[in-house]
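The residues making up each chain are set out below.
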Amino acid sequence: MEEELMDAIVNMEEEDALLVTRNMLDGGTDPMRIMDVCRQAMEVVGQRFEEGEYFVPELIMSGEILRQIADVVRPEMGEASQEKRLGKVVIGTVAGDIHDLGKNIVTFMLDINGFEVHDLGVDVPPEKFVEKIKEVGPEVVGLSALMTLAFDSMKETVEAIESAGLREKVRIMIGGGAVDEKVKEYARADAYGKDAVKAVTLAKAWTGGE
Amino acid sequence: MAAGEQDSFESRLKRVNDAIEIKVPDRVPIMLEFNFFPARYGGITIQDAFYDLDGWLAACEKAIVDFEPDIYFPPSRSLHVSGSVHEILGEKQIKWPGHGVGPDQPFQFVEGEYMTADEYDQFLADPSDFIVRTYLPRIFTALEGLRMLPSLRSGQSGYLGLPILSRVLATPPLIEAFDALSKAARESLKWTTGYLDFTKKMDALGFPAYAGCVTMAPFDVVSDFLRGMRGAMLDMFRCPEKLLAVMDSSVPGQIASAVAQFQSSGNRRVFIPLHRGADGFMSLEQFETFYWPGLKSVILGLIEAGLTPCPFFEGSYDTRLEYLAELPAGKIMARFDRTDLVKAKEVLGGSMCVSGGMPVSLLQTGTPEQVEEHTEMLIDTVGKDGGFIMGSNSVLDEARPELVRAWVDATIKYGQYT
Numbered sequence: 001m002e003e004e005l006m007d008a009i010v011n012m013e014e015e016d017a018l019l020v021t022r023n024m025l026d027g028g029t030d031p032m033r034i035m036d037v038c039r040q041a042m043e044v045v046g047q048r049f050e051e052g053e054y055f056v057p058e059l060i061m062s063g064e065i066l067r068q069i070a071d072v073v074r075p076e077m078g079e080a081s082q083e084k085r086l087g088k089v090v091i092g093t094v095a096g097d098i099h100d101l102g103k104n105i106v107t108f109m110l111d112i113n114g115f116e117v118h119d120l121g122v123d124v125p126p127e128k129f130v131e132k133i134k135e136v137g138p139e140v141v142g143l144s145a146l147m148t149l150a151f152d153s154m155k156e157t158v159e160a161i162e163s164a165g166l167r168e169k170v171r172i173m174i175g176g177g178a179v180d181e182k183v184k185e186y187a188r189a190d191a192y193g194k195d196a197v198k199a200v201t202l203a204k205a206w207t208g209g210e
Numbered sequence: 211m212a213a214g215e216q217d218s219f220e221s222r223l224k225r226v227n228d229a230i231e232i233k234v235p236d237r238v239p240i241m242l243e244f245n246f247f248p249a250r251y252g253g254i255t256i257q258d259a260f261y262d263l264d265g266w267l268a269a270c271e272k273a274i275v276d277f278e279p280d281i282y283f284p285p286s287r288s289l290h291v292s293g294s295v296h297e298i299l300g301e302k303q304i305k306w307p308g309h310g311v312g313p314d315q316p317f318q319f320v321e322g323e324y325m326t327a328d329e330y331d332q333f334l335a336d337p338s339d340f341i342v343r344t345y346l347p348r349i350f351t352a353l354e355g356l357r358m359l360p361s362l363r364s365g366q367s368g369y370l371g372l373p374i375l376s377r378v379l380a381t382p383p384l385i386e387a388f389d390a391l392s393k394a395a396r397e398s399l400k401w402t403t404g405y406l407d408f409t410k411k412m413d414a415l416g417f418p419a420y421a422g423c424v425t426m427a428p429f430d431v432v433s434d435f436l437r438g439m440r441g442a443m444l445d446m447f448r449c450p451e452k453l454l455a456v457m458d459s460s461v462p463g464q465i466a467s468a469v470a471q472f473q474s475s476g477n478r479r480v481f482i483p484l485h486r487g488a489d490g491f492m493s494l495e496q497f498e499t500f501y502w503p504g505l506k507s508v509i510l511g512l513i514e515a516g517l518t519p520c521p522f523f524e525g526s527y528d529t530r531l532e533y534l535a536e537l538p539a540g541k542i543m544a545r546f547d548r549t550d551l552v553k554a555k556e557v558l559g560g561s562m563c564v565s566g567g568m569p570v571s572l573l574q575t576g577t578p579e580q581v582e583e584h585t586e587m588l589i590d591t592v593g594k595d596g597g598f599i600m601g602s603n604s605v606l607d608e609a610r611p612e613l614v615r616a617w618v619d620a621t622i623k624y625g626q627y628t
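For the protein sequence lines, the chains are G and S, in the order given.
According to this note's numbering, the first sequence holds residues 1 to 210 in order.
According to this note's numbering, the second sequence holds residues 211 to 628 in order.
FYI, nobody ran anything at the bench for these hints, they're computed from the structure.
Mixed in with the good hints there might be a few duds.
Calculated lysine-lysine pairs in the BS3-like style (CA-CA distance at most 25 Å, straight line) [unchecked claim]:
| hint | chain 1 | residue 1 | chain 2 | residue 2 |
| --- | --- | --- | --- | --- |
| 1 | G | K134 | G | K169 |
| 2 | S | K305 | G | K128 |
| 3 | G | K155 | G | K134 |
| 4 | G | K194 | S | K224 |
| 5 | S | K553 | G | K182 |
| 6 | S | K224 | S | K452 |
| 7 | S | K452 | S | K411 |
| 8 | G | K198 | G | K88 |
| 9 | S | K541 | S | K272 |
| 10 | G | K84 | G | K198 |
| 11 | S | K233 | S | K400 |
| 12 | G | K155 | S | K393 |
| 13 | G | K198 | S | K553 |
| 14 | S | K305 | S | K393 |
| 15 | S | K411 | S | K400 |
What you are looking at is a predicted structure, and each value in this text was computed from that prediction instead of being measured.
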């Protein structure tokens, strides 16, 4: 059954995945065990994404399957056990920009790779980033933008983090739309990532993960 | 054009057409995708531009006359209609200055699921009916009354249908919706007329516009306007036949719309902004199933109608260039964003005009020397043997005027073929 669930998720077979989940619950499988299988399946999906076999449609579809499984399984779970996280990331689309497709994919990939992600949403002013960094103490900050106007917002956000005396405590990665290495230099971020895979690689490197 | 001669509308257009036809022009043509650049350059806010047609057009004219592009990105493609039209209609699909974004910010599209998955059948049974009675009321608050319309097919009952119509057409929500529509139409007309006059004026001053029409790839029609990206991508797994059927049904409309726009603008070039078919978005197999066939049909249909498709391949198409090579030679101006242009030129050089190459990040944060160096490199590599139009990878909204100047100057300096 576990293998069936794993295969169904990895191969985007939505109905099968839900059917097997219900059968497992009815058969008395520990809900925690089901969520573990889901996590393993998502790791495979992430791997295939990194290898260029899977793309955005598979990330969205597997996320949707996972959400539905969680809806069925969570009520059966007792107190949620605390999972160990690789590190914390504060992420958001910078001020003046309301686009979030790219940022959401990065958030999703970081999450399934074991990071605790605090997603501030879109059009996030610099002071909100600063506030959140003070509150949760992340190792990594991610700034996203599609619009060209956001190059300045990225710069201002990095400056605000600096003025708050937090610049040495975090590593900042940027990405999205017209962002590139040149913008990284301009905004004085630590790295530019061209896709979600790169974002995960950077976050892992910065938090001492492999 | 002989040395020392002033450029004219004809000489600039010939330069551009030579490049599109894969010939060697007198020099590398340059296109400037000003977008909202003219507002800041002309000392007005983008919010001003949204509400003051004359001020906006004066700013656009100043930018065009000062920088002298061989083709300019028409202001009507950046700012379609006034902020008042969006206000009258109660627009929900975009945020514009003063309405969700700041006074100096371009408008932004609100990604959303504007058609639900269970509405496919309704759409396919009668797209126009769905659009009028379900879709428009959903995206414009002032048109909510249209929900009360009877099926548009009730018109087929001839004079017998009249009582049905009269019963509902006189109800207040519908009266309000039609009032809003006609008010918005009159306001829009001021802008479309203003833009037509502007184009004529620029023609007379010697400056051809990049495109007179716009159309979309069928997948993007569904993904941008109907189902949202998330919805469209889930549908690729859940109901691929329905997704493909809606895409197929949109092809004739996309072509017909471009032809109608050509008839009013007289400009054959059709801007096709492409969104979700790029390298990172979907696999080659998905591209081949869901994206390319529809886009190819639209492009071939436009060529057949005597128009010049100008697809803008946003993102990277590095792995998809071979598909583009299937298209007829010398009929298309392809603009690229992050695609490796040297590779694009290698694959498409003999068959398709390639445009782009200048990153806006450089025009916002670089130095004049860096800009000049990059321009020279582009001309030496991608510009070799013609078939190339110098352009930016994205909009010039925030580009620094002195860097745009350096870029234009360097194109003229290094871009001479004769």
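Going through the hints against the structure:
Among the hinted pairs, K134(G) with K169(G) is consistent with the structure: their alpha-carbon atoms are about 10 Å apart, no more than 25 Å. For the proposed pair K305(S) and K128(G), the alpha carbon gap of about 22 Å is at most 25 Å, so the pair holds. Between the alpha carbons of K155(G) and K134(G) the distance comes to roughly 19 Å, so the proposed pair stays at or under 25 Å and holds. Distance check on the hinted pair: K194(G) and K224(S) sit about 38 Å apart at the alpha-carbon level, beyond 25 Å; violated.
Pair hint K553(S) plus K182(G) holds up; C-alpha atoms about 22 Å apart against a cutoff of 25 Å. Our distance criterion of 25 Å between C-alpha atoms is broken by K224(S) and K452(S), whose separation comes to about 44 Å. Taking the CA atoms of K452(S) and K411(S), the gap is near 46 Å; set against the 25 Å cutoff, the hint is violated. Restraint check for K198(G) and K88(G): satisfied, since their Cα atoms lie roughly 17 Å apart, inside the 25 Å limit.
Between K541(S) and K272(S) the CA atoms are separated by roughly 31 Å; this puts the pair beyond 25 Å, and the hint is violated. A threshold of 25 Å between alpha carbons decides the hint, and for K84(G) with K198(G) the separation of about 22 Å falls inside it, so the pair holds. Using a Cα cut-off of 25 Å, the hinted pair K233(S) and K400(S) is violated, with the two alpha carbons roughly 40 Å apart. Restraint check for K155(G) and K393(S): the C-alpha separation of about 43 Å exceeds 25 Å, so the hint is violated.
Taken as a hint, the K198(G) and K553(S) pair is honoured in the structure, with Cα atoms around 23 Å apart against an allowance of 25 Å. With a CA separation close to 20 Å, the supplied pair K305(S) and K393(S) stays within the 25 Å bound. Using a Cα cut-off of 25 Å, the hinted pair K411(S) and K400(S) holds, with the two alpha carbons roughly 16 Å apart.
Of the numbered hints given earlier, the model fails hints 4, 6, 7, 9, 11 and 12; all others are met.
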